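Enquirer: Below are the chains, spelled out letter by letter.
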Amino acid sequence: MATSPIPDPPTAAPRRHVAARELWRGVHGRSAHLLAGLHQAWRRSLQLRVVTITLVASSLLVGGFAYLIADKITGILVENVETDVRVRLGSGADYAAKQFGLYNQPQETQLQETIEGTVNYLAGGDPQQTTGVIVALVADNHADAIQPRSSPAVNVRPLISPELRETVAGGKVASQIRTGRLGEERTKYLVYGSPVPTKFGQVELYYLVPLARQDATAADVRDTVAATGAALVLLLGLLAGLVTRLVVTPVRVAARTAQRLSAGLLDQRMVVNGEDDLALLAASFNQMATNLQRQILRLEEMSRLQRRFTSDVSHELRTPLTTVRMAADLIFAERDEFDPAVARSAELLQAELDRFEELLTDLLEISRFDAGFAMLDSEPTDLVPVVHRVADRLAGLAERVGVDIELDVPGTPVIAEVDPRRVERVLRNLVGNAVEHGEAKPVLITLAVDDTAVAITVRDHGVGLKPGEEKLVFNRFWRADPSRARQTGGTGLGLSISLEDARLHGGWLEAWGAPGQGAQFRLTLPSRAGDRLTTSPLRLVPADAALPFGGPRAGGLLAIGPGADGALAIGPGADGALAIGPGADGALAVGPGRPGNGGHAEVGS
Amino acid sequence: MRRRLIAGLLGGALLLGGAAGCGIPENTGVQVKGPGPAVEAGSTSGSRGEPPSRSASGTDAEQFVENFLSAAAGEPDRAYQRVRQFLAPSDRDRLQVKQGSEVTLAVVRLTEEPVIVYAPDRTEVTLKVQQVGQLRTDGTLAPPETSTTTYTFELRSQAGREGLTDGGLYVANPPTALLLSVEALETYYQSRTIYFWNNDRSRLVPDQRYLPLAVPDERRVSEVVKWLTAGPSAWLGTAVRRLPDGTRLINNATRTDGRWEVDLEMPEDKVRLEQLGTQLAWSLPDLDGPLDIKIRNQSQEFIPDLERRRLERPVHQLPESFQRFCVYEGAVHPLAYTGEPSGPVPVDAKANRNVVSAGLSRADNRILAALVVSDADRQWLSVGTGTDQVTTFTRSAKGYAAMSRPVWLRSTYRGQSAGLVVADGSLYRFDTQAQLTAVSLGVPGPVTAVAASLDGHRIAVIAGGTLYVAALSPDGAGGTPGPARRLHTRLTSLSAVDWYGENTLVLAGAVGRPAVYEVSVDGARESRLEDKIGARVTHLAAYPANAVGRLGAAMYEANGVAYRSGPFERIQPEQVQEVTPPSAGARAGNPTAPFFLY
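In order, the protein sequence lines correspond to chains A and B.
Counted from 1, the first sequence has number 10 at position 9 by my numbering; the numbering is strictly sequential.
Counted from 1, the second sequence has number 610 at position 584 by my numbering; the numbering is strictly sequential.
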C-alpha cells in the first residue's frame with residue numbers, strides 16, 4: 002500500500018518496487034481467486050473428485066509400470082549387446098594375445114604392423130566404414146613404443162575414459178557407456194575393454210559398440226509405452242467420469258426433486274429408468290414422496306378441520322352469548338335493586354361474560370391467523386402517539402395496582418410502515434402484562450428507531466422469567482405457575498396473537514427475563530413493510546440486568562479458596578457470586594455459591 | 027473442468043517424466059566384469075642370432091671390420107639402425123635410409139683379407155670384394171646391382187677417446203650400401219627352401235630363401251607364408267605359378283595347442299587349397315603337427331599331420347636308390363659298391379658300343395637312355411626308351427665334333443620326355459626321337475656344360491666360363507628357358523656342373539688349382555668338396571641330395587680317371603661290372619664318364 006508520500010524527485014527503484022508489488026498482488030489475487038474457485042469446485046463436484054483421483058492414481062500406477070517395462074526392455078537391450086561384445090572381446094583378446102605373443106619386445110617394427118592388422122581384422126575388415134563396431138588397441142604401459150590403433154581409424158581417446166583405462170590397465174575386464182561424437186552425430190557407445198597379455202607386458206583392447214540402434218529401440222519402446230500409458234490414463238479418466246456421471250446424475254436429479262418437494266411442490270417425482278440400484282433409489286424416493294404428500298395432506302386436512310371447528314365454535318357461541326349478554330346487561334343494570342348477594346352475582350356474571358367475549362374474540366383472531374386470513378393493513382404511522390395512547394389507556398389499571406408507567410420515547414415522530422391497529426394491540430398486550438406482573442414496580446416503555454427498524458421494549462421488574470420460559474411465554478394458554486389462578490382478565494392468547502402480529506409485519510417479538518430481575522419484551526419492526534430485519538435498535542437484555550452467573554457485581558468479591566468441604570472454590574464470596582470448587586462429593590463445581598439465584602449456571606462433573 | 031485438465035497434465039507429465047528417465051544412460055561408471063586373461067607362459071626365444079654390436083670388438087680393427095660386415099644381418103627393417111650404430115655420429119646421415127621392401131643388403135664375398143692401414147690419425151680399410159647378390163626383404167638373393175669390387179672406409183675412435191679400449195671404433199666415410207659378408211649370411215641367416223607349383227601344377231619347384239635367425243621361431247611360419255604369397259624369386263618367375271592374385275596372410279600365423287593356424291585372404295578353391303597345403307607342408311619341413319588353413323577365419327583345409335602330408339605327397343618321384351654307371355671300354359657298365367644296389371645295364375648290348383658318355387633316367391616305369399656315340403670322328407646322340415631294357419635307339423640326324431654328357435629333364439615337354447645336351451658349344455634339347463633343337467639362353471660365350479635339377483624346371487649351364495642358372499618351363503611358352511641368372515663364385519675355369527641338392531650345385535673349376543665345390547644355387551654359399559685333383563675336371567655327375575633326406579653323391583672324371591665322392595676316391599676298374607674278361611695282354615682301361623641312374 003503505497004500510501005506514504007513519494008519523495009521528490011521520485012526514483013525509479015521504488016517505482017519498480019511498487020510496480021512489482023502491484024504485479025505480485027495482482028498475480029497473488031488472481032491465483033488466490035483461482036484457488037478459491039478450484040477449492041469450491043473440488044468441494045462441490047463429486048465427479049471432479051472421482052475423476053481427479055482416478056487420473057492421479059492411474060497416472061502413478063501406469064507411470065510406474067511404464068517405467069518398469071521401459072527400464073526392463075532397455076536393460077535387456079544393453080545386456081544383449083554386452084553379452085555379445087563380451088564374447089567378441091574375449092575371442093578378440095585371445096586372438097590378439099596369440100598375434101602379439103610372437104613378439105618379445107614392443108619396439109619390434111612388425112609389431113606395429115601386426116597391431117594394425119589385428120585391429121583391422123577384429124573390426125571385420127573395411128577400415129572405411131564408420132558405423133559399426135570400433136576396435137581400438139592401446140598400450141598405456143608402452144606408450145612410447147606402441148602407437149594406439151583403432152579400426153576404423155578415428156580418435157577414440159575421448160570415448161575411453163581415464164577411469165576405464167586405469168581399470169583395464171590394471172588387468173580387469175571392464176565396460177562403460179559413453180557418449181561422444183566420432184562420426185556425424187553424437188552416439189552412445191558401449192566401451193568394453195580387456196587387457197591382452199603379451200610377452201613384453203600388457204596392451205589393452207577396446208571394443209566400442211555404437212548403441213544407436215538400441216537407443217532408438219529404447220526410445221521407440223518408451224514412446225509406445227508412454228503413449229499407451231497416457232491413452233490408458235485418459236481412458237480411465239474418461240471411464241471414471243462416465244461412471245460417476247451415471248451415478249451422480251440421478252443423485253442430482255434426486256437432490257433437485259427433494260429440493261422441489263421441500264419447497265412444497267409435492268407432485269414432483271423422479272423418472273424411474275430400468276431396474277438397477279438407481280432405479281430402486283428413484284422408486285423408493287417417489288414412494289417416500291408419495292407417502293409424505295399423503296401424510297402432509299392428511300395433516301393439513303386435519304388442521305384445517307380443527308381450525309374450522311374452532312372458528313365455527315366461536316361463531317356458534319357468539320349468538321347465544323349475545324343473547325346471554327343482553328340478559329346479563331339488563332340484570333347488571335338492575336342490580337342495585339337486588340339483594341346484595343344477588344347483586345354481587347350479577348357483577349360476577351357481567352365480568353365473566355366480558356372475559357368470555359374477550360376469549361371468543363381472541364379465539365376468532367387466532368383462528369384467522371391459523372387459517373392464513375390475517376391481512377396486514379400497512380400505512381406510515383407515527384409510533385409515538387401509539388405508545389402514548391396505550392400508556393394512557395392502561396393508566397387506570399396501573400394506578401389500580403400501583404404501577405408507574407414510564408415512557409422513554411424520542412421527541413421526534415417515529416414513522417414506520419406498520420398496521421397501527423395491530424401494533425397498538427401488541428403494545429397493549431405487552432404493557433398490560435407488564436403492569437399485571439409488575440409487582441408495584443415501575444414499568445418502562447422505550448421506543449427507538451434506526452435506519453431500518455423501529456423497536457419498542459417493555460420492561461418490568463416483577464418476578465421475571467425462569468430460564469427457558471422466554472420461549473414458552475408465547476405458547477397458547479401458557480401459565481408460568483399453573484397452580485396460580487388467573488386473576489387478571491388475560492385470556493392466555495395475548496402473546497400468541499402478538500407474536501403472530503409481529504410475524505405478519507416481518508418483525509420480531511422476543512422476551513427476556515430472569516428470576517427476581519423482572520422481564521423485558523422487545524418488539525422490532527422493519528421501517529418499510531417487506532424489509533428483512535437484521536438488527537434491532539434496542540437491546541433485548543436490559544442494561545441493568547445481571548450478567549450470566551451473576552458476574553462480578555460491585556461489592557461482590559471473587560473468592561478462590563477452599564470451599565466448605567476443604568475443596569477449592571472459586572466464586573464470589575457473597576450472595577450471587579461465582580464459585581468454582583469441588584461440590585459436595587468432591588467434584589469440581591463452578592457456579593454461584595448458593596443455588597436459587599437468578600441468572601445462574603452450574604457446571605459439575 | 028480446469029482442475030481435471032490440470033490433473034490430466036500432471037499425470038501425463040509424471041508418466042512422461044518416468045518414462046524419460048529409463049533410456050540408455052548417456053554415461054555410466056566403470057563396471058568391472060572380471061579379471062583379464064592370464065598371461066600365457068611362453069618361451070621367449072631371446073636375442074639369438076643377433077650380430078655383435080659395435081663395441082663388441084673393442085679396438086681390434088680386424089674383428090671390428092668383420093663385425094661391421096655382419097652388422098646388417100637380422101630383421102631387415104632395423105638393418106639401417108644396426109649399421110648406423112657402427113658409423114661415426116658425424117657420418118651417420120651419409121647413409122641413405124631406405125624403407126620397407128627397398129631395404130637390400132649387398133652380399134659380398136671378400137676376395138682378399140681386408141687391408142687395414144694403421145695411421146696415427148685414422149685407420150684406412152680397403153676391402154676387395156666380389157658382389158654375390160643383394161639380399162632382399164623377402165629373403166631372396168637377387169643378382170647384384172653393382173660391380174664394385176673395392177670398398178674403402180676409415181676407422182676412427184670416438185673423439186677424445188683415442189687409444190682407449192672401451193671407446194671402440196667407428197666407421198667414417200662409410201660405403202653407401204649395407205654390406206653383408208657371405209660368412210655373415212651363413213652365420214646369421216637360415217637357408218630355407220620354399221616350394222612353388224610349376225605351371226601345370228604337377229611338380230613342386232624349390233625356391234631358396236634366407237631367414238634371419240633373429241626372427242623368433244613362432245614367426246617363421248608367418249614369414250614362410252608371406253614369402254609364398256609374395257611370389258617366387260625373379261629368375262624362377264616363368265617356371266612356376268604364383269598363388270592366386272590377392273592372396274594375403276591375415277596377420278600372423280598362430281599356434282594354439284600345437285596346432286598352427288594360417289588365416290589367408292584368397293579365393294576359395296578346394297583343389298588349390300589342397301595344393302597350397304602340400305606346398306606349405308614342404309615349405310615348412312620343420313613342422314610336423316597339424317596345420318589349419320583358414321580363409322577369412324573359416325577353416326578350409328585342415329592338415330592333421332604335416333609329416334604325413336609330406337610322405338603322401340613327395341616333391342620328387344624318385345626310386346628308392348640310385349645306380350652308378352660308367353663308360354668302360356666304349357660301353358656303359360654298372361659300378362658296384364657294397365651297400366648300394368647294382369643292376370644290369372638297361373641298354374641293349376647291340377647299341378652299347380662306341381659310347382663316349384651316357385645319360386640314363388627313370389620316368390615312371392620307363393628307362394630313358396641317351397648315349398653319345400662316336401662314329402667316324404663325329405659324335406652322335408643316340409636316344410631310346412624302354413621299360414626294362416632299351417633296345418631301339420634313334421641316332422641324331424647330325425654328328426658333332428664334341429658333345430657333352432646328355433642329361434634328361436625330369437619334366438616333360440609337350441607330354442614327351444626330353445633332355446639337354448651341349449654340342450659344339452651350343453645347347454640343344456633332344457627328344458626321344460633324337461631330334462635336336464637349339465635352345466637359346468641369351469648368354470655370351472660357348473656353352474660347355476649343362477645340368478638339370480631334380481624337379482626338371484631349373485638348369486645350370488656353364489657358358490663362356492661362367493655359371494648360370496635358368497628356369498625351364500618345358501610345359502609352356504615353347505620350352506625356352508627363362509632369363510639366365512649369373513652366379514658369382516670364387517671358382518674360375520669352370521668346366522663341369524651338376525645339381526647336388528635341391529638348391530645346391532656341384533661345380534668343377536679352379537681356385538688356384540682344380541677343385542670341386544658345392545655352390546648354392548644363388549652362388550652365395552660355397553664349400554669345397556675336393557681340391558686335390560691335380561687336373562681339370564672334364565666330367566661331373568651327381569645324385570642330388572633331396573628333401574626325402576638322402577645324401578648327395580658325386581662322381582667326376584679328371585685326366586681320364588674317374589673318381590667318386592664320400593670319400594673321394596678313384597673308381598677302380600674292379601668296380602666295373604659285366605665286364606668280359608679282358609683279352610690277354612690288353613691293358614685294362616679306366617672307367618670314364620661315370621653317372622647315376624635314378
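Just so you know, these hints were derived from the structure itself, not from any lab.
Quantities reported herein were computed from a predicted structural model and do not represent experimental measurements.
Cβ atoms here follow ideal geometry from the backbone N, Cα and C, with glycine treated the same way.
Be aware that one or more of the hints could be misleading.
The following residues of chain A were derived to be distant from chain B, with all beta-carbon distances above 12 Å [as the list claims (entries may be wrong)]:
1) Ala94
2) Gly171
3) Asp378
Stretch-level coverage of chain A by chain B, calculated; a stretch enters the list once three of its residues show a Cβ under 8 Å from a Cβ in chain B [as the list claims (entries may be wrong)]:
4) 172–178
5) 307–314
Enquirer: It remains to establish, for every hint, whether it holds in the given structure.
Expert: Consistency of the hints with the structure:
1. Not every CB of chain B is more than 12 Å from the CB of Ala94(A) (nearest about 6 Å), against its label as outside the interface.
2. A beta-carbon of chain B is positioned within 12 Å of the beta-carbon of Gly171(A); the least distance is around 9 Å.
3. Once the 12 Å rule is applied to beta carbons, Asp378(A) is consistent with being away from chain B; the minimum gap is 54 Å.
4. For the segment 172–178 of chain A, the stated coverage by chain B holds: 7 residues have a C-beta nearer than 8 Å to a C-beta of that chain, and at least 3 were required.
5. With 0 residues having a Cβ less than 8 Å from any Cβ of chain B, the segment 307–314 of chain A misses the three-residue criterion, and the hint is violated.
This entry does not satisfy hints 1, 2 and 5, going by the numbered hints stated previously.
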